Amino acid sequence: MDIERIINNIKDNQPLIHNITNYVTTNDVANMILAIGASPIMADEVLEVEDITSIAQGLNLNLGTINQNRFKAIKKSGLTANQYHIPVLLDPVGIGASKLRQQYVHELIDHIQFDVIRGNISEIRALYQNTSTKGVDANYIDTITPDNILEVVSYIKEIAKMFHCIIAVSSAIDIVANEDKAYVIYNGHPMMSRITGSGCMLSGLCTAFISTNKDHMLDACALAFICNGIAGEMAYDKMIERHSGNATYRNDLIDAIYLMTPQNIKERAHYEIY
Amino acid sequence: MDIERIINNIKDNQPLIHNITNYVTTNDVANMILAIGASPIMADEVLEVEDITSIAQGLNLNLGTINQNRFKAIKKSGLTANQYHIPVLLDPVGIGASKLRQQYVHELIDHIQFDVIRGNISEIRALYQNTSTKGVDANYIDTITPDNILEVVSYIKEIAKMFHCIIAVSSAIDIVANEDKAYVIYNGHPMMSRITGSGCMLSGLCTAFISTNKDHMLDACALAFICNGIAGEMAYDKMIERHSGNATYRNDLIDAIYLMTPQNIKERAHYEIY
Amino acid sequence: MDIERIINNIKDNQPLIHNITNYVTTNDVANMILAIGASPIMADEVLEVEDITSIAQGLNLNLGTINQNRFKAIKKSGLTANQYHIPVLLDPVGIGASKLRQQYVHELIDHIQFDVIRGNISEIRALYQNTSTKGVDANYIDTITPDNILEVVSYIKEIAKMFHCIIAVSSAIDIVANEDKAYVIYNGHPMMSRITGSGCMLSGLCTAFISTNKDHMLDACALAFICNGIAGEMAYDKMIERHSGNATYRNDLIDAIYLMTPQNIKERAHYEIY
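Chains as they are written, first to last, in our numbering: chain A, 1 to 274; chain B, 1 to 274; chain C, 1 to 274.
Hints may contain errors.
To spell it out: a stretch of chain C is covered by chain A in this simulated footprint if at least three of its residues, at any positions, have a beta carbon under 8 Å from a beta carbon of chain A; those stretches are [claimed, not checked]:
#	segment
1	1-15
2	19-26
3	84-98
4	191-201
5	236-250
Honestly, the hints are just simulated from the structure, not real lab data.
As the structure is a computational prediction, the values presented were derived from the model and not from experiment.
Positions of the beta carbon are idealized from the N, C-alpha and C atoms, including for glycine.
In isolation and in its complexed conformation, chain A is listed as follows (with noise of 0.2 Å):
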């Protein structure tokens, strides 16, 4: 993994990443887009969806709050995404709150393909369970640990060759793998998940790395991953420094991201290749 030419694909370019995501957590999303260098557009009306996407580098969608009308933005700007090329990522929040997000997240999959989809182990699991085929039985799988890693390598690897797409998952380890090749990445703190928004932060930044580095996608998704790991770790350093919350602790894990260097990477990241 090149790390300098990928970090700097994306500071020299500053693509604009267009974003249809949820309300709650969508200024976090365009703050860590800038902290990476790139430029954050949120749309969501369906009458100018294409014009946005149509000018954009990379398309990032977002199922959290998702209603009837923001769904239809969400498909349409997919299919401009693939129409002009433009790398698209899918976060499908929440895919197993409601049968509606199930709905729609299959009839995204069925219209649209996805360069990623990036969710939490239960969401993964949620959607190949969704499907009609399944290879793997990993079913009861619901955290990934040192004992079952390569069981769930496998699987994410089956997963991501049903959808021809790379899939990214986030947990105490994280995966983030194609039908070949997959990166299991040890960053990361599970204060992380003690702030809103830590899934569809990395979303953002995961969308801006694919965006600039189109011929690479999968090291450029697994780096994404693996700055945002060593993020969550440095801004837990300044929190028990500075006996703060986690609030405090959300403004850090951005702030580690606008401050990261290739140098801060190499020392600290933790990965294998499987």
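Using the hints, position chains B and C against chain A.
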């Protein structure tokens, strides 16, 4: 009031709190709910709220930035919460600011049995003024002071009796009461009115407190107010120490809830029972 | 410019500012308005905006994340503001990014008399390019520098004359002008473009400034820009001192407005009048 038991019931059970709330303060509400150890979910599409509410342990309904679609979702969620005996709180934000909000609030009250209605004194007064029968004429009251406290306590108990629920009032002095018993709470700081969302965050916090303390909701709701007031005081101490402003104060307020211990509460709680 | 008078007119009157704005930056806009001592209300349902606008002292209309429903509310609010002689500002966010936004902005301009239109230089240029008559050909201008300042001042005065309002332009150097007089403002810092919402917050701030300074709006609007620019410089000083990033910078920017004194303004204001 058994402080340890109420707090531990939240932290041990990590209840899922469904929030249908305005788009101004929803990120802060989510982080406040996470700060106390509960888990927020935001969803406001009428087609899915039945699914979402039915898996939650508490429901927080907020009228800020209301629109026609979100109102439909609010009503359906409230009815679902009643059906499954899930504690439900109403925050009638800005009820006095438009005829539409008055109409919406009264439509909710006619169909849904709330466990708590939380607002500032003018919102609670507006709620009461718009009902047809009035036992107490306290329509002139716009703040709660040591001088009018007995009168206001009677007034709030009367409203609690009318609506068969806890009425939780934010003011210079707070009152949390059912028809029999009132907590009068002196914690808090005027700085809390210099940030957006302090009321919305408190409503989220109250919902988390009552969700896992169903057999002693009045105590739990009063304790949420006490914790929030203490957090406001502690955040103000930090603000003076660091010469910071209202944006940092918002973060310090949430942080203070994250860091709060039963010991902090015992040392600083300042309330009376009427 | 009578700095003390303009600022005191806000702090003494605590004007209520009605904002119809995008869901990305609305929390920051609200906290910025609170920072200067005014009071924000957000409401975007067409059925209630007439009620809300009519009790406000200023109206801030923002086209970010526009949708069909919010546009109806924006138009009705603007008409209401005109009817009650309430100062009204338009922020044509991303007018160049979609045909829909161009159409919406022109529909607004045709029906509503704005007091201020505030945008970055490319938004203001797009506004002008889409009108039929053009007296100045400055369509190539994409930043304001010491070299093109005289030319741009003429251009902005021309636009101000055409729309019968103040045109307030954010760029490396800012211009706030009516058809007769232009403030050229050198305060500010490039770091402000590394956070989301710096333009939206400035529009909120301008609305607060003009709302209680109706007989000297140009001075008030220019002073809002000066304060905002100084806040950006002071927040950058803190950022360097603490080695923080863009998320903390956002908070420090709002804090700096909260903490700003007339003395700060007099010491750091850097502007010329043309």
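Each hint tested on the structure:
Only residues whose C-beta sits within less than 8 Å of a C-beta in chain A count toward coverage, and the segment 1-15 of chain C has 0 of them, not enough to reach three; the restraint is violated. Against chain A, the segment 19-26 of chain C contributes 4 residues with a C-beta closer than 8 Å to a partner C-beta. That satisfies the three-residue criterion, and the hint holds. Given a C-beta distance limit of less than 8 Å, the hint that chain A covers the segment 84-98 of chain C holds, as 3 residues qualify and 3 suffice. Proximity of the segment 191-201 of chain C to chain A, defined as three or more residues with a beta carbon under 8 Å from a beta carbon of that chain, is established by the 4 residues found.
Given a C-beta distance limit of less than 8 Å, the hint that chain A covers the segment 236-250 of chain C holds, as 7 residues qualify and 3 suffice.
Hint violations for this structure: number 1 only, all remaining hints satisfied.
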